[in-house]
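Chains as they are written, first to last, in full-length UniProt numbering: chain Z, 1 to 360; chain B, 1 to 458.
If you're looking for bench data, these hints aren't it; they were derived computationally from the structure. Mixed in with the good hints there might be a few duds.
Some chain Z residues flagged as far from chain B (calculated, every beta-carbon gap over 12 Å) [unchecked claim]:
no., residue
1, I115
2, M127
3, I193
4, I210
5, I254
The calculated label-pair distances, taken between Cβ atoms and stated as ranges, are [said to hold, decoys possible]:
no., chain 1, residue 1, chain 2, residue 2, range
6, Z, A64, B, T315, 17 to 27 Å
7, Z, T82, B, G168, 23 to 33 Å
8, Z, P59, B, D75, 17 to 27 Å
9, Z, I84, B, W158, 31 to 41 Å
10, Z, F58, B, L256, 36 to 46 Å
11, Z, T255, B, T315, 40 to 50 Å
12, Z, R235, B, H293, 54 to 64 Å
13, B, G118, Z, A61, 51 to 61 Å
14, Z, T255, B, G118, 28 to 38 Å
15, B, V117, Z, R38, 53 to 63 Å
16, B, V383, Z, I160, 47 to 57 Å
17, Z, V177, B, N275, 30 to 40 Å
18, Z, S77, B, L256, 26 to 36 Å
None of these values were measured; they are calculated from a predicted model. We put the CB at the ideal spot given by N, CA and C, even for glycine.
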Amino acid sequence: MTDLATRDGESTATPDALREERRRRMSPRDKWRRFTYRFTPYLYISPFFIIFAVVGLFPLAFTAFVSFYDWRLTTQSVDDATFIGLQNYSDVLFGNAVFWTSLANTFSIFLISTIPQIIIATFIAVMLDRNLRAKTFWRMGVLLPYVVAPVAIAIIFSAIFRDPTQGGLMNSLLELVGLDPVNWKSDRIPSHIAIALMVNFRWTGYNALILLAAMQAVPRDLYEAAALDGAGAMRRFFSVTLPSIRGTMIFVVITATMGGLRIFDEVRMYDPRPGSVGGPGGIFRTVVLYMYDTGFNGAKGDLGKASAIAWLLFFIILIFAGLNFWLSGRIATDGSGKKVSKRQLRREAAAIVNEQEGAR
Amino acid sequence: MRTNTRRGAVFAAGVVSLSMVLAACGSDSSSDTESEDAGSDTSEETEGSDEAASDEQIELTVTVFGNGGYEGDADGNNNLFRLYEETHPNVTIKETNAGQGGDALTALLNAIGAGGVGLPDVQMIEEGWRGQMDELSGSFVDLTEYGAEDIKDRWVDWKFEQAVSSDGKVWGYGTDIGPQGLCYDATLLEESGIASSREEFAEALGGADATWDDFWSVGEEFTSATGVPWLGVSSFAMNSFVNQQEEGYYTADGELNTDNPEIQAFLTQIVNATNDGLTAKIDAWTWNNEDFHGNFGVHVCPGWMLGAITEAVSTGDHQWDFADVFPGGATNWGGSFFGVTTEAENPTAAAELADWLTAPEQQIIAFQNAGAYPSQVEAQTDVAVTELTNEVFNEAPVGEILSSRAEGVVAQYKGPQDSVIQDTVMGGVISELNAGQISTPEEAWERFQALLAENGIE
């Protein structure tokens, strides 16, 4: 601010005043040209925002509106609905434990799926980042599961993971190696593992490719320098690769969080019984499945309550995406796990330079 | 800060101008057509439309679910919609199969909630939705205006009555009914030494006086002889039992009847049977084809179920059969209707199609296609029905058996939440039982009450 002022030789003028002065000197034509130059881009991108407002923002706001009403699936307008304030929210939160158990299930499935998924995706990306023959083939290969519809994946996995009374490939394999068969559909944690596998089957390759794209942007000379300094593959990964792809990693973690907390297709199809609520006793009922069941299970059709669940889930996702953003932002630039200040970095760099000069 | 505000304002201006452009486009085109309309020769117009009326192209949309036999037999022949198009060259039918009944109901309710957007012209309605039809009948045309009274005698009287709402509107024409017999694995039954023919099987279960107690005791004999569970899907037995009662989950006056001691007693029977290994612990509609290849002995079979399990029973090397017996006597499970929605652009044509589809001749074809037993008096006595045998089920005379099973069936009152109680609540309890989460009758009954409360049914 002061720099600018001194350069113009008007030490008392604020930038705003300066801009005002410049504008006064412009001809109307210049003004118009300047206006179109600066603002037409906004006009060009506005269709997206208009469409988003209609099909995204409006439903979002309308859901909030509906959540304060006793609103059935067949209610056609607000005239047929009764305003009940926060009743839907208190029913969901305190009416019974279903919301909380389904939230716990959601988190359990989310953790079982997301953590291995990101670790494996990173590993695959590192492997793909090497000099492989037929690169494109391998890269497309890991994306293939993503092409398969989640419902189809769920049907296939449902046939593989079944209860021992029903057989199923996975239990046959377990028996083959002398292990006890597992209740894949009627025990809580095994069912969560099976569902997490479906999620990972679909998303690991996708995330791997995103991470790979980021890794390819890492300057190769950094690796060379690190290698010359005697850093092994692990050290290079943690000290060079990981800090360099921090931004992409944050993106991947956040999209995985949002996806993981909204999981639905897989759980709905894993127990295809009509009117099912995510396995016997709801052992793998997720929040979205609870919302679907509340809003769309035949005669129940309580859209008001379903909307309340949707908004509660929205807040929970916000909190967790924020938390993950903060956590993944902790990936330090030096790979030590500690966030470092710029000044400290500078001091360290100077120390290294001194050391090298001393050695010479 | 100030810059931001200014940008915001300009952004808003951009949005406004763009939407104005869009709006201008819209109004332009509409005014164009208006002026064209106004300018055209009126006499010519009338002539043109008169001519069009005689062979006017009509497109009808129909939503069906499950396998009611409308979309043809196993090989896709005798598709009733195509047959209708052949005899009515000006009509094109677009049919959609919504999957299982529950999915179809959700889609229907959704469409009604959206103010009718997405409703077909002709909608298939399941018996289990009847409890809601009073509320939903506003979205269906009253078929009395399209000649329902004239064809009233077509159906067994209780079937027609089922489709009349409390204010006297007729919201649908009946298609099939669901009299029940027992499907059984003849290969296993022969092995067990209990029965080597369908007559012997019926006799073993008590013939015309068969009771559920007989059913379970024969089951014990069967399981101890073969080591294979007796009953496949125990929740279906529960559905059949509930339908068999004078009053099911609701009383005849429409009050909740979920403390029904008879239902509790039957649930106890199912818990005990499950504990004794008499059931295959398969949840409703979740079986694989292999489950029918020698993994259990019997399956409760309303007429329409024969079509539903044909693929499963015909792919294995076990012979299945269908017997004229049902524990506890006559019962009806399911059956459907065709209604015409208020969204139909041409309700007369749509009602005509519903009328045609539910006429005896067509219901006979549907029966031949998928085994759904007709509710039309004339069809029930037609030789094409009475003498129909089913190849897949060991040439069983299904027509004769089902007409015998249909005797003495009475319609039960279905309440608004009947389908939720059947599938989510009772189905839920039985799935917990199958998963081993419940082991005593007391626990099962507690869970039943708890799930009722959890689903807001009190």
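Could you check the structure against the hints above and give me the numbers of any it violates, in ascending order?
Hints 6, 8, 13 and 15 not satisfied by this model.
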